[in-house]
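Trainee: For reference, the chains in residue letters:
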Amino acid sequence: MALREKNNKPNSLKTNNLELGTQNMKPETINSNFKSEEYQINMGPQHPATHGVLNLLLTIDGETIKKVEPDLGYIHRSIEKMCERDSYQQIVHLTDRMDYLSSNINNEAVCLAVENALELEIPERVKVIRTIIGELTRISSHCLWWGVMGMDVGALSTFFYGFRDREMLNDIFEETCGARLTMNYNVPGGLMLDIHPNFVKRVKKFVTHFKTKIPEYDRLLTENVIFQKRTKGVGVLSKEDAISFGVSGPVARASGYSCDVRKYHPYSALDKVTFNESLKTEGDTFARYQVRIQELWESLSIVEQLIDNIPEGEYRVKTNAVIKLPKGEFFQKVETARGEFCVYIISTGTKSPYRLKFRSPGFSNLSVLNHIAVGGKIGDLVAILATLDLVIPDIDR
Amino acid sequence: MSYFSDIYKGIKTLLTGMSVTGKYFLTSRKGAITQQYPDNRATLKMFDRFRGEVIMPHNENNEHRCTGCQKCEIICPNGTIEIIWDRGIDEETGKKKKKIDQFVYHLSMCTMCALCIDVCPTDAIIWGQNFENSVYDRTKLTRVLNEPESKLMPGVED
Amino acid sequence: MIETIHNWLYSTMPQGVASIVEMILIALAYLGFFAIAGLFLVLMERKVAAWFQLRIGPNRVGFYGSLQTMADALKLLSKELTGTAKADKFLYNLAPYFVIISALMGLAVFPFTKDIQAFDINIGIFFLIAISSIGVIGILLGGWASNNKFALIGAMRSGVQAISYELSIGLSLLTMILITGSLQLSEIVEVQKNGWLIIQGHIPAIIAFMIYMIAGTAETNRAPFDMVEAESELGAGFHTEYSGMKFAYFFLAEFINMFIIAAIATTVFFGAWLSPFGITESIPWLGVFWFLGKTLVLIFLMMWFRWTFPRLRIDQLLTLEWKYLLPINLVNIVIMALIVWLNLTIKF
Chain A
958 MALREKNNKP NSLKTNNLEL GTQNMKPETI NSNFKSEEYQ INMGPQHPAT HGVLNLLLTI
1018 DGETIKKVEP DLGYIHRSIE KMCERDSYQQ IVHLTDRMDY LSSNINNEAV CLAVENALEL
1078 EIPERVKVIR TIIGELTRIS SHCLWWGVMG MDVGALSTFF YGFRDREMLN DIFEETCGAR
1138 LTMNYNVPGG LMLDIHPNFV KRVKKFVTHF KTKIPEYDRL LTENVIFQKR TKGVGVLSKE
1198 DAISFGVSGP VARASGYSCD VRKYHPYSAL DKVTFNESLK TEGDTFARYQ VRIQELWESL
1258 SIVEQLIDNI PEGEYRVKTN AVIKLPKGEF FQKVETARGE FCVYIISTGT KSPYRLKFRS
1318 PGFSNLSVLN HIAVGGKIGD LVAILATLDL VIPDIDR
Chain B
16 MSYFSDIYKG IKTLLTGMSV TGKYFLTSRK GAITQQYPDN RATLKMFDRF RGEVIMPHNE
76 NNEHRCTGCQ KCEIICPNGT IEIIWDRGID EETGKKKKKI DQFVYHLSMC TMCALCIDVC
136 PTDAIIWGQN FENSVYDRTK LTRVLNEPES KLMPGVED
Chain C
2 MIETIHNWLY STMPQGVASI VEMILIALAY LGFFAIAGLF LVLMERKVAA WFQLRIGPNR
62 VGFYGSLQTM ADALKLLSKE LTGTAKADKF LYNLAPYFVI ISALMGLAVF PFTKDIQAFD
122 INIGIFFLIA ISSIGVIGIL LGGWASNNKF ALIGAMRSGV QAISYELSIG LSLLTMILIT
182 GSLQLSEIVE VQKNGWLIIQ GHIPAIIAFM IYMIAGTAET NRAPFDMVEA ESELGAGFHT
242 EYSGMKFAYF FLAEFINMFI IAAIATTVFF GAWLSPFGIT ESIPWLGVFW FLGKTLVLIF
302 LMMWFRWTFP RLRIDQLLTL EWKYLLPINL VNIVIMALIV WLNLTIKF
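Chains as they are written, first to last, in the numbering used here: chain A, 958 to 1354; chain B, 16 to 173; chain C, 2 to 349.
No lab work stands behind these hints, which were simulated from the structure alone.
Errors might be hidden in some of the hints.
Chain A is nowhere near these chain B residues, computed Cβ spacing over 12 Å in every case [what the hints assert, rightly or not]:
id, residue
1, Ala57
2, Leu130
3, Thr157
4, Glu162
5, Pro163
6, Pro169
7, Gly170
8, Val171
Distance windows between CB atoms, simulated [to be verified]:
id, chain 1, residue 1, chain 2, residue 2, range
9, A, Leu1138, C, Ala86, 14 to 24 Å
10, A, Gly1030, C, Asp89, 28 to 38 Å
11, B, Gln51, A, Glu1286, 51 to 61 Å
12, B, Pro163, A, Lys1308, 30 to 40 Å
13, C, Asp89, B, Gln51, 38 to 48 Å
14, B, Pro163, C, Gly84, 36 to 46 Å
15, C, Lys194, B, Phe19, 54 to 64 Å
16, A, Val1331, B, Arg44, 27 to 37 Å
17, A, Tyr1272, B, Gly94, 43 to 53 Å
18, C, Gly84, A, Val1157, 52 to 62 Å
19, A, Lys1158, B, Lys38, 39 to 49 Å
All of these numbers come straight from a predicted model, not from anything done at the bench.
Note that beta-carbon positions come from the ideal geometry of N, C-alpha and C, so glycine has one too.
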């Protein structure tokens, strides 16, 4: 404030000399957004750390962040509106394009919602395969996140190690359904294809391979003193704030808010497996990092429990060619790699929904950014962004 | 005293990190995970379920299995498939029967969601493994899948 | 051969002209050699990075990609030089030359072997420390003049970093000067005929070497101290707005600076061109091989740092310097002084 007044002095002197009075001059209206010591900088939409077309309008004092304003909408495709036009089979493939790193889990959510509405009995085989692929998707997403997290804090080699392991998973997906990222493997009523004969063998190979690699992740990055200094105590989010901002997923669990949908509302075969919800109470960037690394172990154990006993049976239940949901409202939530993903369908009994709402985890997780990044340095913001693990198409939809 | 133990621990963790990358450096000769793409064209084989492009297989008599039921056209979310059809007289039974004139496939609009292939009752269209789909002219991405003068394979019904 | 050229020059021309011509010839030889050495280091960095990262690295241009950086340099030469409209044109264009010239000047004093040393002044180490700080002015100018906020942040970081770490470099070298008693590089090498300084000075020398390598990495603005560029934070940092050959100057200067830092360490800690245990003492020209070999090993160490460690934050960078390196360094000097005073150095 003091500096701004000093800057405005020449003006006020002039007006005093001319006896015009200073009432008409309202220095507050000029630059009312930030003080004169501060400056604004556009981080994104083309910036390496925002992982997509996210624009962050930063107000900075030197290196210290005073305000972060996310500017969304660069990749908005009005998916929810498109869903009102599409049939229920077609909606599934659109969810691939939202959180593309957990595409199979998104697919599953829509399919579960439709199946619940139709009151279809889904075979056990389908449930188990869906859960296995869902957990593999989570591992794949966390692998990518780990690589990119390392890269964001400056350790460039982690990216390749993360992608090496992710590549094995992508091969499994590609062999199973033909696509590596936007899988569209689930259909209302089951799966599009039965699993490939090599599936079990490949998954087992991956599990043994990956068990030796997570300790390596720890030795390379987690234990590194520079990394710990960069992340510990940075971007602390308290449990109360996590709940009030509607944060979900690993970000919320790092703040001690137990919210794993897989635990509280188990879907598919998740009620048959035992796993621990990874919880931390610190709420800082390092806790978020640790929660994700723990989730890698948990997902691996879920896969291990299921892979040996995939029940025989149908991989798909016959549905009508044109699926018409009964009149009413249908809701399903699942746990993607980023948090709680919800599908809310209002049907009037026609072949497409009257209104369909997706609750994406990334949007709520992004909303805490201004709350936890203020007061930190630019480097802290990058680390926080990395552990929020945003997928921009998920935010914009 | 924690000052010195901090330094000791710090240096130790840094050396641990260096040992990880150092191990990869020493085994780099056999450890490269990247594919030398245009060089390995001959050996690069995609998985049999790989979604490259939609193709319509023809047998040696230039016959396909598409009856022109248009289920794929209806299920496609993007209007990728356009079937231009006509009613022709079946030579054997003498009845009027739907038959395709052109099966137009707009690769530029396709999202590879596999719904059309999933829904096809006669397996007339399948996935092709070709992934090198780049062309210099956008119009080349609009393809007619059935060969000229091709006919419906006898015995294929909806 | 050098002797014959020298004699021929002085016999055909007046003495003043001859010495100027000789200086120019030496300068050109150095310039040519280090332009190529810089390109080689870039290639080495790319290959080393690739091997750390499970990749193959450049392998298309030339034998196993050996001409890749040559091709890159040609590309950069032919590229358009763009700039921002509101840049301070004079300073903007001046900055790259500051950086590259200061980098090249530092090379003059290194003793590659007993005979190949362009400029043997009695304050060699001091000259090197002085010269290496000038490059920072270029970075500051470039970041300031290009009228870009990211570049400005990068430049300011560079200023902070250089002021802090210059101290550590100076003090860690000073520790070693206590043994040699001379700043002249040729004399420093002479002292090491009784064993390399890192062995002569044992524990304090090893501590000094570690501090020197950390500070040296920071001095060259390389990861984990690449606050100046910090591509995940600032895009490209101070050279965001530079393109073409001006960018190449910054890039080349980084690698030549890396060479200088490693070469100083070689000279001061590892006996410059002296072979281990004097195994090739009878063949003097092999000294070049030893000098470059040791330097490359140290450069590899810096590359290893870069591709392993995460980046520090700017305030942690300063904490590391002022709370850890500087106090340790000061204590280390006292210990070294005691060791030299009590004659506890190890000599062969």
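Trainee: Now look at each hint and say whether the structure bears it out.
Mentor: Status of each hint after checking the structure:
1. With a least beta-carbon separation of about 20 Å from chain A, B:Ala57 lies farther than 12 Å from that chain, consistent with its non-interface assignment.
2. For B:Leu130, the condition that its CB be more than 12 Å from all CB atoms of chain A is violated, with the nearest at approximately 6 Å.
3. Non-interface status of B:Thr157 relative to chain A is upheld: no Cβ of that chain comes within 12 Å, the nearest being about 21 Å off.
4. No Cβ of chain A approaches the Cβ of B:Glu162 within 12 Å, the least distance being about 25 Å, so the stated non-interface status holds.
5. Here B:Pro163 stays apart from chain A, with its beta-carbon at least about 29 Å from theirs, past the 12 Å limit.
6. The beta carbon of B:Pro169 is kept farther than 12 Å from every beta carbon of chain A, the shortest such distance being approximately 26 Å.
7. The Cβ of B:Gly170 lies farther than 12 Å from every Cβ of chain A, with a closest approach of about 23 Å, so its non-interface assignment holds.
8. A cut-off of 12 Å between C-beta atoms confirms that B:Val171 is not in contact with chain A; the least separation is 19 Å.
9. The beta-carbon spacing between A:Leu1138 and C:Ala86, approximately 41 Å, falls outside the hinted interval of 14 to 24 Å.
10. Between A:Gly1030 and C:Asp89 the C-beta distance comes to about 36 Å, which sits within the given range of 28 to 38 Å.
11. About 54 Å separates the C-beta atoms of B:Gln51 and A:Glu1286, a value consistent with the hinted range of 51 to 61 Å.
12. Checking the proposed 30 to 40 Å range against B:Pro163 and A:Lys1308 shows it holds: the Cβ atoms sit about 36 Å from each other.
13. Separated by about 46 Å at the C-beta atoms, C:Asp89 and B:Gln51 satisfy the suggested range of 38 to 48 Å.
14. In this structure the hint that B:Pro163 and C:Gly84 lie 36 to 46 Å apart at CB is violated, the actual value being about 58 Å.
15. As the Cβ distance of C:Lys194 to B:Phe19 is approximately 36 Å, the hint placing it in 54 to 64 Å is violated.
16. One distance hint, 27 to 37 Å for the beta-carbon pair A:Val1331 and B:Arg44, is violated here, with the actual separation near 49 Å.
17. Distance hint for A:Tyr1272 and B:Gly94: a CB-CB separation of about 29 Å, inconsistent with the stated range 43 to 53 Å.
18. For C:Gly84 paired with A:Val1157, a C-beta distance near 60 Å keeps the hint of 52 to 62 Å intact.
19. The hinted range of 39 to 49 Å is not satisfied by A:Lys1158 and B:Lys38, whose Cβ atoms lie roughly 27 Å apart.
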